[in-house]
Amino acid sequence: MHTRPLARADLITGIVLLVLGLAVLAESYGMPRLEERRINLWTVPGLVPGLLGIVIAVLGGVLALRSLVAGALRTRPKLTGTESAEVRAARARLLACLALCLAYAVLLVGRVPFWLATGIFVLAFVAGFEWRREDDIRQRLGKLAAACALAAAAMLAIPYVFEYLFLVRLP
Amino acid sequence: MFDGLTHLASAFAVFATFTTLFNVAWATLLGIVIGALPGLTATMGVALLTTLTYKLAPEQAILILISVYVGAIYGGSRSAILLNIPGTPANAATTLDGFPLARAGRAGEAMGLATSASVLGTFIGVLFLAAVAPILAEFALGFGSYEYFWLAIFGIIIAGQMTSFDDAIKGWIAGFLGLLVAMVGQEGIHAEMRFSFGSSDLAGGIGLIPALVGAFGFAEILTVMRNRAAEMATGIVDRVIPKLSTLWTYKRTIARSGVIGTGVGIIPGVGEDIGAWISYAAARRASKERDQFGKGSREGLIAAETGNNAAIPGALIPALTLAIPGSAPAAVLLAAMLIHGIRPGPLIMVEAPEFVFQVVWMVVLATVAMGILGIALTRPLLTILRVPRERLMPIVFVLCVIGPYAITQRLFDVYVMVFFGIVGFILREMKYPMAPLVLGIILGDILDKNLRRALVLSDGDLTPFFTRPISAVLWITTLLIVLFALPPVQRAATRLMRWENVR
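Residue numbers (our numbering), protein chains in the order written: chain A, 4 to 174; chain B, 559 to 1061.
Just so you know, these hints were derived from the structure itself, not from any lab.
On a predicted model such as this, the values are computed, not experimentally measured, just so you know.
Heads up, a few of these hints could be off.
[Unchecked claim] Chain A regions said to be covered by chain B (calculated; three or more residues, Cβ under 8 Å):
#, stretch
1, 11–20
2, 63–76
3, 104–115
4, 162–172
The beta-carbon is built from N, C-alpha and C at its ideal position, and this holds for glycine as well.
Using the sequences plus the hints, can you model the full thing?
Shown next, in the form of structure tokens:
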């Protein structure tokens, strides 16, 4: 039913959910009962969130217990050399993508003009992901030129299409 | 009966314009492109177009969204056949036989069969939409708070069970987390703040569209960039238009898959991917050539593509009549209807019966456009699949940022999108389905208000929750689903069935 690595992840998730559920229950219990407004006891705002907190805590507890039975605390088998290289490359691509997207959405958008933020992001993304160590200088320049062209097109076309054709306001 | 036909005829008159045909054509084509590109799902496409069309007239806006929806679910078959990557989750079953067919040099035949099956599947579903929606709406008029409470719980439990990867508890966790997300912000009875922690942004609640764009857009980008780049099976396309005799050979499979797909679509939150998988499994069980399944079976391909497209009209049935979506894209569509002042729910056949039949025509028009464009533009669409992901994904992410911002003009919604993207990615990596999470966000308000109202009505007495006829059906079904998901019960049921067979 389970591979051991997922059982470890399930154990952590289960504990997180258990804590989250209990925190939600505590927060719901502390919500105003609105006695001064003489509301019906059964309509207090914390009722449903509190019940959801209990359900999430129970499901988290079951998940954690089940993962313990599935061997979550046993040691994991080591990956082979080729698998590790593949996993490392995948992780590097994921982290690079995440970092670029976060830099754009959280740091650039709203702080610099949208067209400029978009241009920088598209250029960095395309140039970064198309860069290969084995490429010669001509190939690198070609790829960089393509990245610049795409970034310029995005800078011009996206604001035009959204603001002028679809009348949508941009960040 | 005659009322229905009158509404159907007058609804058609609304769409007999050049503007309508133009909108259907471009939106369906855009949907096909969105579906064909890995990293862009139907949910993301409908969510993005919701933000772009909210200034249009309601019927034109909904028409565009339905066209994108129909086009995208079909378009995903292209990458499934040629790249072995489902363009949308709904096309995962298509890869099993579509890709082997393409590798055997029969890509054109596979794409033609997928197109025909998608068209026929949607038509079967639309017949049910026209026939069942008015009946279900009338039936739902008898629902009270007790029934709505159980419907919300039933929706979460069945969606969690059917969409999880053989592990129902993860589906249920996703669903209950969705319900919890819906609790953030001002509650609907006393206007009290919940889980806002003094933030005015959180007080406004978590928007469905930012959450969806994150979970289905940003999370998908992370997945696509993490995985290795796919290679196209072939660039050469043989005969695309399928022979009628081939389709006639598989008429039973088409009819069965159409009915299954529609039925699965009606189930809250379950959607097109499960429609395709169940249709595929049923076709394999009934087939005389079952050993060919997974190796390039035309029947398998037809079953998967009929099943997923039939689920579209199926998913619209509960969305229109109960305001509970049958799939993730239908959830966005439901949100779009509310933005445009249309109130789906049991009263729709009283307040706006013509709208239900307009939706019927919208699906029909989109299906016709899908069939024509899908066949006519087979070769140009191959070019789109050759666009490298490194050049496509940054543009998709820019759209992910614009989409949530466009409706509310709050940067907070962009951050919500980012949050749900990261959380959605992590949850998916750990085999948590996203559909119950989305359904939970929609059902949270229904659950919250109806549980409290029902308790007020009964003065805290729980008996009516269990004794009213519809409530009883819902809670007993929910309980059975939970029981049958438990491994000891499953083992006992298997033993019992073996014993029966031996006897």
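Legend entry - Residues of the stretch 63–76 of chain A with Cβ under 8 Å from chain B, three needed, outcome: Holds: 4 residues of the stretch 63–76 of chain A have a Cβ under 8 Å from chain B.
Legend entry - chain B over the stretch 104–115 of chain A, status - at least 3 residues with CB closer than 8 Å: holds (count 7)
Legend entry - Assertion that chain B covers the stretch 162–172 of chain A - criterion: three or more residues, beta-carbon distance below 8 Å: holds (count 5)
Inset, instruction - Go check the stretch 11–20 of chain A versus chain B for me, would you? Three or more residues, Cβ under 8 Å, otherwise it fails. - result: Answer holds; 4 residues pass the 8 Å Cβ test.
Comparing the model with each earlier hint shows no violations; every hint is respected.
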